[in-house]
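J.: Given these sequences and hints, build the entire structure.
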Amino acid sequence: MQLDEFFVTGEPLIYAGMVSIALVTISILFFLTYYKKWGWLWREWLTTVDHKKIGIMYILSALAMLFRGGVDAMMMRTQLAFPNMNFLNAQHYDEIFTTHGTVMIIFMAMPFLIGLMNFVVPLQIGARDVAFPYLNALSFWSFLFGAMLFNISFVIGGSPDAGWTSYTPLAGAAMSPGPGQNFYLLGLQLSGIGTLATGINFMVTILKMRAPKMRMFQMPIFTWSTLITSFIIVFAFPILTVALALMTLDRVFGAQFFTLTGEGMPMMWANLFWMWGHPEVYIVILPAFGIFSEVISAFARKQLFGYKAMVWAIILIAGLSFLVWVHHFFTMGAGAFVNSVFSISTMLIAVPTGVKIFNWLGTLYKSKINNTVAMMWALAFIPSFVIGGVTGVMLGMASADYQFHNTYFLVAHFHYVLIAGTVFACFSGLVFWYPKMFGHKLNERLGRWSFWFFVIGFHVCFFPQYFVGLDGMPRRVFTIIPEWMPLNVISTVGAFGMGAGFAIFVFTILYSYRYSEREKTGDSWDNGRTLEWATPTPVPFYNFATLPHIDSQDAYVKLKQEGKTTFEEDKVEPIHMPSNTGQPFIMMAFMFIAGFGLVFEWMWMAIGGLLAVFVMMVIRSFDYDEGFHVEVDEIKRTERSARRL
Amino acid sequence: MTDHKKRIPTQHIIGFFLSITLTLVAAWAALQSDLSVRWIIIGIMALAIIQAGIQLFMFMHVVEPESQGGHIPWNMMFHGGVLATILVAGSLFTMSFGFSHDHDGDGHNQQEQQEEHSEMEDSTEHSGH
Amino acid sequence: MSSHELKTGPLEYRTEEGRLTILGFWIFLGAEIVLFATLFATYAVLFGRTADAPSPGELFEAKTLMIMTFMLLTSSFTCGIAIHEMRRGSVKGLRNWMIVTLLLGLGFLGFEIYEFIHYAHEGATLQSSAYWSSFFTLAGTHGLHVTLGIGWVTLLLIQLTQRGLTPKTSRKFFVIGLYWHFLDVVWIFIFTSVYLIGMVV
Amino acid sequence: MKNINRLFKKGLALLPLSLVLLLTGCNSDLAILDPKGPVAQTQKDLILYSVYFMLFIVVVVFAAFTYMVVKYRENRPGRKETDYDPDLHGNNKIEVIWTVIPFIIVIALSIPTVDTLFQLEKPPEVEANEEEQEPLVIHATTADWKWFFSYPEENIETVNYLHIPTDRPIEFKLSSADAMTALWIPRLGGQKYNMAGMMNTHYLEADEEGVYKGRNSNFNGEGFTKQTFEVYAESPEAYDQWVSDTQNQAPELTQDRYDELLAPGLTEEHEFSSTHLAWVNHGNPEGMDYAINRHFQKYGELMHLESHQDAEDFMDEENNDDHESDRDH
Ligand code: HEA
Ligand code: HEA
Ligand code: CUA
Ligand SMILES: [Cu+2]
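Protein chains in written order, with my numbering: chain X, 1 to 645; chain F, 1 to 129; chain V, 1 to 201; chain B, 1 to 329.
Not one of these hints is a red herring.
With a straight-line cut-off of 20 Å between C-alpha atoms, the simulated DMTMM-like cross-links for lysine to aspartate or glutamate are:
(1) Lys368(X) <-> Asp83(B)
(2) Lys168(V) <-> Asp625(X)
(3) Lys213(B) <-> Glu268(B)
(4) Lys366(X) <-> Asp85(B)
(5) Lys520(X) <-> Glu444(X)
(6) Lys44(B) <-> Glu121(B)
(7) Lys208(X) <-> Glu64(F)
(8) Lys368(X) <-> Glu74(B)
(9) Lys558(X) <-> Asp526(X)
(10) Lys558(X) <-> Asp85(B)
(11) Lys571(X) <-> Asp633(X)
(12) Lys636(X) <-> Asp570(X)
(13) Lys168(V) <-> Asp623(X)
(14) Lys308(X) <-> Asp87(B)
(15) Lys560(X) <-> Asp87(B)
(16) Lys71(B) <-> Asp85(B)
(17) Lys213(X) <-> Glu16(V)
(18) Lys168(V) <-> Glu16(V)
(19) Lys208(X) <-> Glu66(F)
(20) Lys366(X) <-> Asp83(B)
(21) Lys168(V) <-> Glu626(X)
Counterexamples of contact, computed for chain F against chain X with all Cβ distances above 12 Å:
(22) Ile13
(23) Ile20
(24) Leu24
(25) Val25
(26) Ala29
(27) Leu31
(28) Ser33
(29) Asp34
(30) Ile49
(31) Ile50
(32) Phe57
(33) Val63
Residues from chain V shown here face chain X by an in silico Cβ test under 10 Å; the list is partial:
(34) Glu17
(35) Phe25
(36) Ala31
(37) Ala41
(38) Leu46
(39) Ala51
(40) Ser128
The hints are simulated quantities; they were obtained by calculation from the structure and are not laboratory data. Please read all numbers here as calculations on a predicted model, not as lab measurements. Even glycine gets a Cβ: it sits at the ideal position worked out from N, Cα and C.
T.: See below:
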């Protein structure tokens, strides 16, 4: 392979991208060296197994990915508002919507939520870490290396261009030769492994490591949603793993699963993809629902309305999520009976989701709404999501979907649920838990600005898309007819509004780092209802000095009433904690190398990388490190200074 | 599997004996018997499920008290089974229309008609010359 | 993360770490069920799509199949005995039965490799058709699991000689026991729905 | 800030209203809501039916939401003590109500959905004053990035455009020579996939004369955007005339010519006085690898397609002289 085949050439945009990536990398390396931060980076972050730090790393990476996906979105919107400017040609546009969709769902939405789960869930249930801290680090690094593998396709080898759904035979070796599609397969494969491990980890954590006496039906609702999400992950991700592996076998090893030759069956890919893909969209919405429940009940200063109904609704949605996948290909011609079955199962999801919506409204009833930025994101979610949801039900009516399918009506639907649901939740949750993570709040005034820009921009961007969809504008086209221009221009204006909102959000983070008042108590909002607020800020690495007995929902409310804390001096005992280790980072780095080798079909590299991974596993197997104990004295010292006793 | 101190693992031995027998029965049903294909498939799949049960309960102790009555393991196995059913049955349900879109029905007739048609065409052409 | 150790019950369950790991492994097995189910679903859907390659009925041999199946069934049994011995506190019993298991596993693998090579000679490879792709992937994934299991048992046997029976080593053996039985379950379904049905239809 | 705040929430509440306006006001403009045939009509009716339910739901939720947000703000002037009840944690009766009502709505939506699903599998029903006609069979085959329409009974084939008679059901036989695509003519009805090695049946019908836009609506690579065609729906007489003109004047389609056309790329409109079905039907398993075997190497090549580049059909009003029956939309 020639060097000019290896690097993507001939595109000014990509040269610009390469230059900026190089500059950013060089400056990061420079600062790390200049301020002698290498050791710090390695000790504190790369080798950490602390769920809080891992959570923060997830969130930072997800924000970076939101930026990347967002820039993709801006480029698409620019192209569609000025189709004759030749900003993007067809091929380039195809690559961009593919990476946009993939990055946003796999490398932005999921990691963001997993980051929040990582930080919050162990604190909410009174645990000192997740069940398998080592595995947790492994998950994170597998996600990050997977994301990097996917993202370098931008400058090396070429991006995938068959849509985030990668339908075969288009995505097969015959019609999409070259490494692009392999990046998709291996990037997702690598990060998928980590996601599966996360699912297992959280299930065990939540099922087995709750504070003494905390019953399942006393768990905070975000923890519940994490549990159920993990359950979906455990049962859905293996499907993706297999589907990706099969396509890899097709592309790299000449198998015939989804090919046009050898009696392959391309549509089986669509089937497998959506058997994972539909549960996947609920993987990114259920934790969001959990976050909204927490935020709404905290700032409404009221217990969540209908807690039990809320929990059962989540469980029901999770169950149904495995029974509706065919609604993504109603138009495949499977016949009226099949479509009827899946139409009905799809629409049924509206019922438990409705129950949730009404219970949030019920929580607001007779409440005292404290309109903070976190709450505003949560409130904006309710009406916006309902629009996305009811249009989803319209898509669910198969015979109508024959007209909606593959149009902007669909694009509008999924952005209404993904952004108003998942993205608003990420912002809401980040603002809400930010003081716990970083010891200071985000500036509220700036927060409002970013909120309004983003939310108004969002509606301006996506509401018109319903109508341009009804007018017959298909998705994934890079140029449009004059009739569709006005609505598309409006849409683009809205998109840039969102861009501004996001820019202000990032600025808020920097501004607040510099100017915000530092936290003095653990209960930053004075409204904390669950155990995470019972810890001091910053949270000691072992989380809880002593574990309270929990006998009610909203445990911290009760603790506050009784004047108790999670530091009962006379009950402190040594705490056992796991040691840091660089193994996960190194193992996944080898995995990355193996993946990279497979992408370019350099077998020596793939095999070498895999062997190194096995060696790391053997090392791990012989590693009998038992962790260490935090002594009582140290705990007391830490707690006293943190609590200013 | 309450008593782990026993010298002779009766449960394992029974399990082993059963699994060998069931395997033989299945092989016999499939290769030697003259049941109809449909009944063979139903029968041997049922045997396979029983065997899976034997492994789970007699060898893997899904429900032993040490794992708290196996509540969670049992749950995972059960739901895994449900999902496996959805995956296999669901894929067949929605995918196997594949070749019957039309090929068995009038699709082929179309094709034949078409062939006749072009043959006719050919002949007229020839006679025209 | 408490390091409290129980004084009674099987070793592998005595520490919190052991209990969590075993539970986690069960959940992992749930995921494995789905993984194999996806392969089975693919196999079922692609059944009959042999293109120009021979059909399974022509290639499958009842004799090899029965030998392989009995080897794996027996290995599952010996593995169960090994864990039983472990719970009785017998390092020797555990080691010896585990070695028997290992050998049976190796035998199974040998036959599988022989079988695959044989099919390839007859013109059925991963590349020859959709059906054969799905066959080799399904059976191959199982075979790969067995291979990994063999490697894993070997590592554990070394650790057993180094450290004897501790809560940690016995937890590891218990877990691989689950894994091994699980592979047997998967094989039963391959035996039934791939081989037997393949020979009947 | 507070004011904007409130204003915006009001604005949100107005959204459904704007929906009504757009739906009624621009009704006739939006392609999907402007049917020109019975299939599209059925779908439009179903869509409007569902929209009424959705509007009802949206109005209820928005009203309740606005009420809560306005009334229970902490610093609303005139807040009363009784407006706060932190211990209110649920009510079974109301849970049942808001479970059952959506459930009923779902049933109300399911019935017509299932009904139309079965209807759409058959040729559209004949209206009272019309005589029943055999559907016109047209094989619609796609290849990267063009359309072949074969009329087996008439023994003609067109590329990238389609003529149909009005008031007669059309039975499309959909298949693809390579990637998965979909036939979609919004004003005549919804889409269905074309797949290699299989054949889907799709019924449409026009009951008004006119030129309608049709396209491939399922992404299949670089030329996707430009894989469009025009549908000339004309009176049966005009249609028959066109058929016989094509039969008499158009060249025959040879296999070489066909293979050439099949190669990935864009192409102009063509017509032939024979069909490719004579030697390959891509909808049969045997026809599945026909194109890929012939053009394997060409699928990876880039066209560097830009939006001003004419793809014969899409942005421009192209060579009308092909179609004497051209009419305005
Ligand atoms: C967060 C992600 C998310 C969520 C939550 C949803 C939620 C839903 N989705 Fe969506 N969907 C996507 C993400 C999501 N979707 C994506 C990404 C795609 C496209 C992928 C691609 O092709 O690229 C997609 C595509 C998609 C399709 C395929 C369309 C097509 O390709 O032609 C369909 C069809 O049925 C559908 C339906 C639904 C339904 C019925 C819900 C329901 O869960 C919604 C339920 C909610 C409500 C209904 C609102 C609240 C309820 C009430 C107030 C009660 C009363 C209401 C009624 C009785 C109706 N979605
Ligand atoms: C969580 C998922 C998620 C999110 C958050 C988004 C966010 C956005 N999406 Fe996307 N989208 C998808 C998931 C998502 N999308 C998926 C799955 C697809 C389908 C892909 C496929 O077909 O395969 C899709 C497809 C898709 C399309 C259709 C493309 C096509 O079919 O041709 C469009 C078009 O408008 C679009 C637009 C946007 C916009 C404007 C945003 C905005 O919300 C983005 C917000 C913007 C930022 C966060 C910008 C940050 C950048 C800056 C601050 C830089 C400053 C620069 C400037 C202001 C210039 N998306
Ligand atoms: Cu999908 Cu045939
Ligand atoms: Cu879906």
